[in-house]
Amino acid sequence: MKALAVINPKAGGGKGSTMGERVRAHFSTHEHEIHFVQAPSLAESLAQVDQLCAVHDFQYLICVGGDGLIHDLLPLLLKHEIPLLVVPAGTGNDFARTIGLHGEKLHTILELPIAQAPSQINVGAIEHKEGSTPFVQILSTGFDSVVNERANNFKVIRGSIKYVIAVLLEVWKFRAIDFTLKVDGELITQQAMLVCVANGTSYGGGMKIVPHANHDDGLLDVMVVDRVNPLRLLLVFPRVFFGTHIKHPKVHFHSGKQIEISGETHAYADGERISSLPINISISERSLQVYKI
507 MKALAVINPK AGGGKGSTMG ERVRAHFSTH EHEIHFVQAP SLAESLAQVD
557 QLCAVHDFQY LICVGGDGLI HDLLPLLLKH EIPLLVVPAG TGNDFARTIG
607 LHGEKLHTIL ELPIAQAPSQ INVGAIEHKE GSTPFVQILS TGFDSVVNER
657 ANNFKVIRGS IKYVIAVLLE VWKFRAIDFT LKVDGELITQ QAMLVCVANG
707 TSYGGGMKIV PHANHDDGLL DVMVVDRVNP LRLLLVFPRV FFGTHIKHPK
757 VHFHSGKQIE ISGETHAYAD GERISSLPIN ISISERSLQV YKI
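When you line the sequence shown up against my numbering, it's residues 507 to 799, in that order.
It is worth saying that the hints were derived from the structure and are not from the lab. Just so it is clear, the structure is predicted and the values come from calculations on it, not from any experiment. Treat the hints with care, as some may be off.
To be verified - Below, a list of computed lysine-lysine pairs in the DSS-like style, where the Cα atoms sit at most 30 Å apart: (1) K661 with K763; (2) K688 with K661; (3) K635 with K611; (4) K661 with K508; (5) K763 with K753; (6) K688 with K635; (7) K688 with K763; (8) K661 with K585; (9) K798 with K516; (10) K798 with K585; (11) K753 with K661; (12) K661 with K516; (13) K585 with K508; (14) K611 with K688; (15) K635 with K798; (16) K763 with K585; (17) K611 with K679; (18) K611 with K756; (19) K753 with K679; (20) K756 with K679; (21) K508 with K688; (22) K508 with K611.
Said to hold, decoys possible - Computed spacing ranges between beta-carbons, pair by pair: (23) P546 with L674: 32 to 42 Å; (24) Q626 with R745: 24 to 34 Å; (25) T686 with E539: 25 to 35 Å; (26) K679 with E617: 33 to 43 Å.
All C-beta atoms, glycine included, are put in the ideal place defined by N, C-alpha and C.
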């Protein structure tokens with residue numbers, strides 16, 4: 507088999523480099539033909555991936571990194587219609603959790619393309635001021651996006667604990683936002699702490715923000731948290747790790763295929779900053795091929 511492996515050596519505070527070497531070692535005496543991309547910058551890596559995919563008939567792409575690298579590779583995976591094999595090596599690895607690969611042995615993961623065919627899953631598409639961006643897991647706005655921005659700016663703190671610390675730092679000064687939503691044409695106007703649109707179940711290293719979200723159902727799940735005071739929001743926060751927050755009276759859900767969000771805030775998707783609002787979100791016409799358990 508012929509495959510392309512893309513390695514982010516900085517993922518997970520250096521875990522990407524370690525896992526990348528293990529992937530190289532696995533294939534060093536293997537009959538597979540593997541091309542490796544590990545460029546000095548993300549832009550160079552993506553350019554190399556695009557060029558290689560244009561001239562080679564790769565049967566799958568191995569992503570050695572975290573949710574951020576998957577997010578950045580997503581447009582190319584869809585463009586070239588290449589199945590994705592995830593080797594989780596990031597901070598949160600939430601996409602890998604959702605498809606059953608987090609915690610699996612490397613050998614088991616790398617043998618998946620031999621053992622089974624890839625599955626087709628839905629991809630979300632975000633229309634925003636700068637263009638269009640696909641995503642696979644969670645789009646977040648309001649308090650979630652503020653926390654994500656603070657966590658991404660930490661220079662020393664690593665791992666999923668950085669999201670917890672960011673929550674503790676931001677919760678006391680955050681105020682509800684006037685949101686306007688349209689879910690399949692149904693208008694919803696209210697003050698809310700956050701609005702998130704889920705294609706997958708978790709973010710932030712295992713926070714089960716929308717535990718009933720499904721990559722395969724052709725729908726996007728919308729979660730809205732009503733206006734609450736900082737202390738109440740902080741008390742609800744730990745329940746996100748278990749998914750039990752969904753029973754809280756201030757938490758509401760909607761689902762649909764076309765979502766519009768307006769408000770004085772910005773959006774993150776798969777942990778990456780996308781744009782300020784307004785944005786439109788829908789299920790992409792293209793599906794992602796991915797190996798999962």
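Which hint numbers doesn't this structure obey? 1, 2, 3, 4, 8, 11, 14, 15, 17, 18, 21, 25 and 26
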